[in-house]
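Peer 1: Listed below, chain by chain, are the residues.
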Amino acid sequence: DGGITQSPKYLFRKEGQNVTLSCEQNLNHDAMYWYRQDPGQGLRLIYYSQIVNDFQKGDIAEGYSVSREKKESFPLTVTSAQKNPTAFYLCASRMLGGFYGYTFGSGTRLTVV
Amino acid sequence: DQQVKQNSPSLSVQEGRISILNCDYTNSMFDYFLWYKKYPAEGPTFLISISSIKDKNEDGRFTVFLNKSAKHLSLHIVPSQPGDSAVYFCAASGRGSEKLVFGKGTKLTVNP
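Chains as they are written, first to last, in the numbering used here: chain L, 1 to 113; chain F, 1001 to 1112.
Treat the hints as calculated values from the structure; they're not laboratory data. All residues carry an ideal CB built from backbone N, CA and C; glycine is no exception. A couple of the hints might just be wrong.
[To be verified] 30 Å max Cα-Cα, derived BS3-like pairs, lysine-lysine: (1) F:Lys1056 - F:Lys1071; (2) F:Lys1107 - L:Lys9; (3) F:Lys1107 - F:Lys1056; (4) L:Lys14 - F:Lys1104; (5) L:Lys9 - L:Lys70; (6) L:Lys57 - L:Lys83; (7) L:Lys83 - L:Lys14; (8) L:Lys57 - F:Lys1005; (9) F:Lys1099 - L:Lys9; (10) F:Lys1104 - L:Lys57; (11) F:Lys1104 - F:Lys1005; (12) L:Lys57 - F:Lys1107; (13) F:Lys1005 - F:Lys1037; (14) F:Lys1054 - F:Lys1107; (15) F:Lys1037 - L:Lys71; (16) L:Lys57 - F:Lys1037; (17) F:Lys1056 - F:Lys1099; (18) L:Lys57 - F:Lys1099; (19) L:Lys83 - F:Lys1107; (20) F:Lys1104 - F:Lys1068; (21) F:Lys1056 - F:Lys1005; (22) L:Lys83 - F:Lys1104; (23) F:Lys1037 - L:Lys9; (24) F:Lys1104 - F:Lys1071; (25) F:Lys1104 - F:Lys1056; (26) F:Lys1005 - L:Lys83; (27) F:Lys1099 - L:Lys83; (28) F:Lys1037 - F:Lys1099; (29) L:Lys57 - L:Lys9; (30) F:Lys1107 - F:Lys1037; (31) F:Lys1068 - L:Lys9; (32) F:Lys1099 - L:Lys70; (33) F:Lys1056 - L:Lys57.
[As the list claims (entries may be wrong)] Per the computed footprint, the stretches of chain L lying under chain F, defined by three or more beta-carbons under 8 Å from a beta-carbon of chain F, are: (34) 29-43; (35) 100-112.
Start from the sequences and build out the full structure, keeping to the hints where you can.
Peer 2: Have a look at this one:
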C-alpha cells in the first residue's frame, strides 16, 4: 500500500536537545511538507521541498532544519533553538502540477520535558 | 495576516440534520480549494475539493459550494452522522504556488 509514514508516533525530548522526526513516502510524490499543529492555530507550514536537495522555509521555520537527500524522505530536526517545540507535527506530500491535494502522515506528537 | 479564515471554531448538530461549515478567503489568486477532515492524534484526510471554474462539487453526502465574488466557500454534509464528528480544515492554493494555506479549523460535533 502506498502511503506516507511518520515515526515515532510520540516523542519526548529534554530541553536543550535536538530531535529528528522521520517522514517517508512511497507515493512517488515530488513535494513534501512539514506542518505544525497547535490548539486553535490550525496548520502552520514549517518547511517544504519540491525537489531533492532543495527546500524552502515556510511561515515558522525558525528553530527547525530539514534535508531532502532522497525523494522518499524528508526528516525534520527540531533544534534547541525552537522556543516552543511541544506540538503535533504533520508531514505531507503531493504531486506537483495540476490540482492535487496533500496526502498526510499520521503525525508525531513531540513533548519537551 | 490570515488568508483563509474559518470563523466558527465549533459547530454542533443533530444526527440526520445538515451540517454547514464555512470558509472565507482573502487572496484572489486562490483557484483551488479543499476540505480536510481530522480526528484527534491523526493526520488530516482529504474530503472534497473544488476548482475556481466551478461553483459546486458533490460527492455523496458532501457538497462544496464556491462563491468567488464573495470569496466564500462552504461544506454541506447531509445527513450528518456521529462519525462525521471531527475537525474540518479548509485549504486553498493559488496559481504558481505549490503550497496549501489552511484555515484554523472548525470542530464539528454530531449528536446522536
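Peer 1: Indicate, hint by hint, whether the structure satisfies it.
Peer 2: How the hints compare with the structure:
1. Taking the CA atoms of Lys1056 (chain F) and Lys1071 (chain F), the gap is about 14 Å. The hint holds against a cut of 30 Å.
2. Between the alpha carbons of Lys1107 (chain F) and Lys9 (chain L) the distance comes to roughly 23 Å, so the proposed pair stays at or under 30 Å and holds.
3. Between Lys1107 (chain F) and Lys1056 (chain F) the alpha-carbon distance is near 23 Å, which keeps this suggested pair within the 30 Å criterion.
4. A hinted pair counts as satisfied when its Cα atoms are at most 30 Å apart, and Lys14 (chain L) with Lys1104 (chain F) qualifies at roughly 29 Å.
5. Proximity of Lys9 (chain L) to Lys70 (chain L) is assessed by CA-CA distance (about 22 Å); at most 30 Å being required, the pair is judged to hold.
6. The hinted pair formed by Lys57 (chain L) and Lys83 (chain L) meets the criterion: a straight-line CA distance of about 17 Å does not exceed 30 Å.
7. Distance hint between Lys83 (chain L) and Lys14 (chain L) is fulfilled; the C-alpha atoms sit about 13 Å from each other, no more than 30 Å.
8. Between Lys57 (chain L) and Lys1005 (chain F) the alpha-carbon distance is near 22 Å, which keeps this suggested pair within the 30 Å criterion.
9. Only pairs whose Cα atoms come within 30 Å are accepted, and Lys1099 (chain F) paired with Lys9 (chain L) is accepted, the gap being roughly 25 Å.
10. Of the pairs offered as hints, the one joining Lys1104 (chain F) and Lys57 (chain L) holds, with about 20 Å between alpha carbons and a cut-off of 30 Å not exceeded.
11. Straight-line distance between C-alpha atoms of Lys1104 (chain F) and Lys1005 (chain F) comes to about 7 Å, which keeps the hinted pair within the 30 Å bound.
12. Proposed proximity of Lys57 (chain L) and Lys1107 (chain F) is supported: the alpha carbons are some 29 Å apart, at most 30 Å.
13. Between Lys1005 (chain F) and Lys1037 (chain F) the CA atoms are separated by roughly 16 Å; this keeps the pair inside 30 Å, and the hint holds.
14. Pair hint Lys1054 (chain F) plus Lys1107 (chain F) holds up; C-alpha atoms about 26 Å apart against a cutoff of 30 Å.
15. Using a Cα cut-off of 30 Å, the hinted pair Lys1037 (chain F) and Lys71 (chain L) holds, with the two alpha carbons roughly 27 Å apart.
16. For the hint pairing Lys57 (chain L) with Lys1037 (chain F), the CA-to-CA distance comes to about 26 Å; that is within 30 Å, so the pair holds.
17. In summary, the hint linking Lys1056 (chain F) to Lys1099 (chain F) is supported, as the alpha carbons are separated by about 23 Å, within the 30 Å threshold.
18. Using a Cα cut-off of 30 Å, the hinted pair Lys57 (chain L) and Lys1099 (chain F) holds, with the two alpha carbons roughly 11 Å apart.
19. Of the supplied pair hints, the one linking Lys83 (chain L) and Lys1107 (chain F) holds, its CA atoms being roughly 28 Å apart against a limit of 30 Å.
20. For the hint pairing Lys1104 (chain F) with Lys1068 (chain F), the CA-to-CA distance comes to about 21 Å; that is within 30 Å, so the pair holds.
21. Restraint check for Lys1056 (chain F) and Lys1005 (chain F): the C-alpha separation of about 20 Å stays at or below 30 Å, so the hint holds.
22. Restraint check for Lys83 (chain L) and Lys1104 (chain F): satisfied, since their Cα atoms lie roughly 22 Å apart, inside the 30 Å limit.
23. Under the criterion of a C-alpha separation no larger than 30 Å, the hint pairing Lys1037 (chain F) with Lys9 (chain L) is consistent with the structure, at around 19 Å.
24. At roughly 17 Å between alpha-carbon atoms, Lys1104 (chain F) and Lys1071 (chain F) fall within 30 Å of each other, so this suggested pair holds.
25. In summary, the hint linking Lys1104 (chain F) to Lys1056 (chain F) is supported, as the alpha carbons are separated by about 23 Å, within the 30 Å threshold.
26. For the given pair, Lys1005 (chain F) sits about 26 Å from Lys83 (chain L) by alpha-carbon distance, which is consistent with the 30 Å threshold.
27. For a cut-off of 30 Å, the pair hint linking Lys1099 (chain F) to Lys83 (chain L) stands: about 25 Å separates their Cα positions.
28. The straight-line distance between the Cα atoms of Lys1037 (chain F) and Lys1099 (chain F) is roughly 18 Å, inside the 30 Å bound, and the hint therefore holds.
29. Straight-line distance between C-alpha atoms of Lys57 (chain L) and Lys9 (chain L) comes to about 24 Å, which keeps the hinted pair within the 30 Å bound.
30. Under the criterion of a C-alpha separation no larger than 30 Å, the hint pairing Lys1107 (chain F) with Lys1037 (chain F) is consistent with the structure, at around 10 Å.
31. Taken as a hint, the Lys1068 (chain F) and Lys9 (chain L) pair is broken in the structure, with Cα atoms around 39 Å apart against an allowance of 30 Å.
32. Between Lys1099 (chain F) and Lys70 (chain L) the alpha-carbon distance is near 20 Å, which keeps this suggested pair within the 30 Å criterion.
33. The hinted pair formed by Lys1056 (chain F) and Lys57 (chain L) fails the criterion: a straight-line CA distance of about 34 Å is larger than 30 Å.
34. Counting residues of the region 29-43 of chain L whose C-beta sits closer than 8 Å to any C-beta of chain F gives 7, which meets the bar of three, so the coverage hint holds.
35. Judged by the Cβ-Cβ criterion of 8 Å, the region 100-112 of chain L is covered by chain F as claimed, because 8 of its residues qualify and three suffice.
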